[in-house]
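*Asks:* Work the whole structure out from these sequences, hints included.
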Amino acid sequence: MNVKETEAYVVACHHCGHVADAAQSQLCNCLGKERTPVCPHCGQCLCKLPAAQRAEFWRQAPAALKLRRKPQRSAVPLSPASVFSPVVLLVDDDEEIRLIGEQVIEKLGYACLTADRAETALAILETVQPRVVITDALMPKVDGRQLCRLIKMSSDAKVVIMTSLYTGIRYKNEAHKEFGADEYLAKPIDFAQLQATLERFIPPVESVQ
Amino acid sequence: MTRQLDWTVLREHFRVRLRARMAEIRAIVERIAAGQTPADALALQFHSLAGIGGTYGYPAVTELARRGEELCQGKPLALDAIHEIAGAIARAGEADSLGPKTLTAA
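Chains as they are written, first to last, in the working numbering: chain A, 1 to 209; chain B, 1 to 106.
Treat the hints as calculated values from the structure; they're not laboratory data.
Where hints are given, some of them may not hold.
Claimed, not checked - Among the chain A residues that face chain B by a calculated CB cut under 10 Å, a handful are:
| # | residue |
| --- | --- |
| 1 | W58 |
| 2 | P62 |
| 3 | G101 |
To be verified - Label-pair ranges, simulated between beta-carbon atoms:
| # | chain 1 | residue 1 | chain 2 | residue 2 | range |
| --- | --- | --- | --- | --- | --- |
| 4 | B | R31 | A | E199 | 27 to 35 Å |
| 5 | A | D156 | B | L44 | 30 to 38 Å |
| 6 | B | D40 | A | Q146 | 17 to 25 Å |
| 7 | A | C47 | B | H83 | 38 to 46 Å |
| 8 | B | R31 | A | P203 | 47 to 55 Å |
| 9 | A | P203 | B | A23 | 42 to 50 Å |
| 10 | A | E56 | B | P76 | 36 to 44 Å |
| 11 | A | A196 | B | P76 | 17 to 25 Å |
| 12 | B | A81 | A | G43 | 35 to 43 Å |
| 13 | A | H18 | B | Q36 | 32 to 40 Å |
Unchecked claim - Which chain B residues face chain A? A few, computed with CB under 7 Å, are given here:
| # | residue |
| --- | --- |
| 14 | V29 |
| 15 | Q36 |
| 16 | T55 |
Using N, Cα and C, we set each Cβ at its ideal position, and we do this for glycine too.
*Replies:* The structure is reproduced here in structure tokens:
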């Protein structure tokens, strides 16, 4: 397969006319079927555009931008095929980690929800009971370690903390004792370790193959 | 069964985001030089990159970002060295990815 060179996707904002590269823009967090680029000038997103205009925008959008548009806050599993799959909630403020982590976890046969911050994760937990929550340790405001404590107070979910702060077995035990985490994963993520961890908490017979 | 990711799209997304992150790092360095921003903001950027690089199969990005994070602890901040690290990260991100540690099963 030929790799298409990444092109700038320059569009004019429907609201203020500011011209910007939508491929580089932040995406909104509106509650809807998809996230849309936010104008860096006026802060408006495309969610209120008529459906036909949004469809045209996405028709011409580069693949990398299309990949980013799945909503971060969803109270239900995202793909019909995974309705009966055990749910894993991935919490990380880095979009790149959420993107690749979600794909990997779904390829392993689990339903994956993602959240960009602890507050969003807690909102998801009010309606969904994930079997495993994988959370970054270092996040703004409420960090993963505080999130772990909060989850352990009210849920049976296993909690895995991802961190590059703690490496090695010596710190693993401290992470568990201090925050109640069931496991920790070092960053950069070793997906073989992630797979082994998920299969330990959710045996493969339970996941969709 | 071999489990495949949409690796081409993921890699392209990583590269696009890396370019945006490097522009952000350069902007933060300028603000630090002007005394407008503390070094913590830069350390956080390098910290994020250290976690992301190797995850996408760019261990060189992780290694360089960790050096960048260490440089942010220095007083005074070695801005020239940080500029060099940022340039090296940008070049490392344009190289071919080694790919993630795979999920293949025999």
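*Asks:* Each hint needs a verdict: does it hold in this structure or not?
*Replies:* Here's how the hints hold up against the structure:
1. W58: This hint is violated: W58 of chain A lies away from chain B, its Cβ roughly 15 Å from the closest one there, beyond 10 Å.
2. P62: holds, 8 Å
3. G101: Holds. Min distance 8 Å.
4. B:R31 - A:E199: 27 to 35 Å: violated, 45 Å
5. A:D156 - B:L44: 30 to 38 Å: holds, 33 Å
6. B:D40 - A:Q146: 17 to 25 Å: holds, 19 Å
7. A:C47 - B:H83: 38 to 46 Å: Given about 39 Å between the Cβ atoms, the range holds.
8. B:R31 - A:P203: 47 to 55 Å: About 50 Å separates the Cβ atoms of R31 of chain B and P203 of chain A, which means 47 to 55 Å holds.
9. A:P203 - B:A23: 42 to 50 Å: Holds - the Cβ-Cβ distance for P203 of chain A and A23 of chain B, about 45 Å, lies within 42 to 50 Å.
10. A:E56 - B:P76: 36 to 44 Å: violated, 52 Å
11. A:A196 - B:P76: 17 to 25 Å: For P76 of chain B against A196 of chain A, whose Cβ atoms are near 44 Å apart, the range 17 to 25 Å is violated.
12. B:A81 - A:G43: 35 to 43 Å: holds, 36 Å
13. A:H18 - B:Q36: 32 to 40 Å: violated, 25 Å
14. V29: With a closest approach of 19 Å, the V29 of chain B hint is violated.
15. Q36: With a closest approach of 20 Å, the Q36 of chain B hint is violated.
16. T55: holds, 4 Å
Hint violations for this structure: numbers 1, 4, 10, 11, 13, 14, 15, all remaining hints satisfied.
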